[in-house]
Amino acid sequence: MVTRLRPDSADQPLLEQIQNLIAAANRTEFTAELELLVDLLESGSEVVCALPDSSMTPTEVAAYLGVSRPYVYRLLDRGVLPCHNVGRDRRVPTASVLDYALRRDDGRRVLAETFASAEADRQALIAELAGAD
Amino acid sequence: VSGLIARPTLACLQVLLTDVLESVERKRFTVAKHAALPPLDAIDHPITRHCATQFDNRANAGHERIKSAVAIVAFKAKSGPWRAAVYMDNEGQPWIIDVGRRHDDDPSDFYRLFAAKDHQALLPTADDLRQLKLERATRILEAWERSVRSTAVTAVAAACKAPDNKCKLPVQDPKGALAGHLTVEVERLAADTSDAHEYPAEIIVSIDLGGWANGPLSRAAMREVARVVAPSEDSWDAEPQSDGTMRYVASVNEVRLRQIEAASEVDDSHAIVATPPVIAPTSSAHYVGKSTIVDAVVNGDAVRGLCGRWFVPKHDPGDLPICLTCEAARERRSPTG
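Protein chains in written order, with this note's numbering: chain X, 336 to 468; chain B, 6 to 342.
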């Protein structure tokens, strides 16, 4: 089970109230994390909540990652995503899916920078091949 | 010996620009910044073309010396009304050090003007040698880029035929040392017609540059592979592997795969290897938070759109269609819904 929190502007007053409550409470590790959560929501970020040991069906994984189901089965078959069987169906640990999405985000950032850095890389490589002078 | 083609010095280029070249050519050179000058040995003018042929390193002897130059050895070159003085440096590189027009017995005749000049001052300068080095380096890089594309074509075609759909080939760096490996895997995925989304059947080409040091070279290699496999940013996605490495995957169609296979059957002259298009930038505009966009534009960092796609904001996205996922995400956030 995965819940996605998507605040909109109408929720801002509520988020502010929660922030005030957190600010009034004794500071602990938990309040710090709650504060981070509310800050994220206030900045318009989408936050995903999941129980640590929950799992997702391949269809849920496909929808969450924005890929086709055959692509998810491919990831399962290759062992890129771990899974266990429930009867004839497969389940993927939610934590693995979230971890995959985070690391894919890193890769996507690198990919975007790879495409954008063509000219700068070219100048650097030419300068290196020409020898420093 | 290749690469020793007659070329004008930068000072002589100025003369070409003001007196000799047609205005279109002139524009091309003046627009270009110093470091980004086009190759000077490829200027398309009768006198430069003629010098390239006359001083092609095969017939060093037999050139006619310009007698008025005493301090240096300068040779005559003639083409139509054009005249040039050519100097050979110690490495056998011919330099066009001066150009002009022939006007017999007139004070504006090239050889008369040339005779009155300080010939030492016409010799190639440190800037000229630097420009020559940059051009040679550019050619080495371009040859390397082409060889990476050729390797990519071979790897994709071999992966299509391999029982495990994989092919792993070594790739050299521009100096000929082993840079790393390129692993290509080609997989066919069935169509997905679940209720929420429809995905057509697709071919997934995954690229693994295992063993490469991260940097300009590995990025350049990835771009050349992308130009072969799918020359569009939108075709590519990242796929983190369980061992911590990253693969880049492109969704391609059957036609593209056939083109790559056809390219593998001829030599390097196929358009996919020889003259591939540059990679098309992302085709839609994405929304991002206002606070992140300013820094990103200044620093050239990638930012994450509301839809989850990463991109480096560059040009004004005003004319691009807005990404539908981004639009939906923005509507969810707006107060009126």
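Simulated from the structure, these hints should not be mistaken for lab results. Certain hints may be false.
Stated by the list, open to error - Each computed SDA-like pair below joins lysine to any residue, with the alpha-carbon atoms no more than 20 Å apart:
id	chain 1	residue 1	chain 2	residue 2
1	B	K171	B	K138
2	B	K138	X	P405
3	B	K171	X	R409
4	B	K173	X	E454
5	B	K122	B	R106
No experiment lies behind these values; they were computed from the predicted model shown.
Going down the list of hints, with the structure as the test:
1. B:K171 x B:K138: With Cα atoms ~39 Å apart, K171 (chain B) and K138 (chain B) exceed 20 Å; violated.
2. B:K138 x X:P405: 51 Å, violated
3. B:K171 x X:R409: Answer holds: K171 (chain B) to R409 (chain X) is near 15 Å, not above 20 Å.
4. B:K173 x X:E454: Violated, because 28 Å separates the two Cα atoms, which is more than 20 Å.
5. B:K122 x B:R106: Satisfied, since the Cα-Cα distance of roughly 16 Å is no more than 20 Å.
Hint compliance for this structure: hints 1, 2, 4 are not met, and every other hint is.
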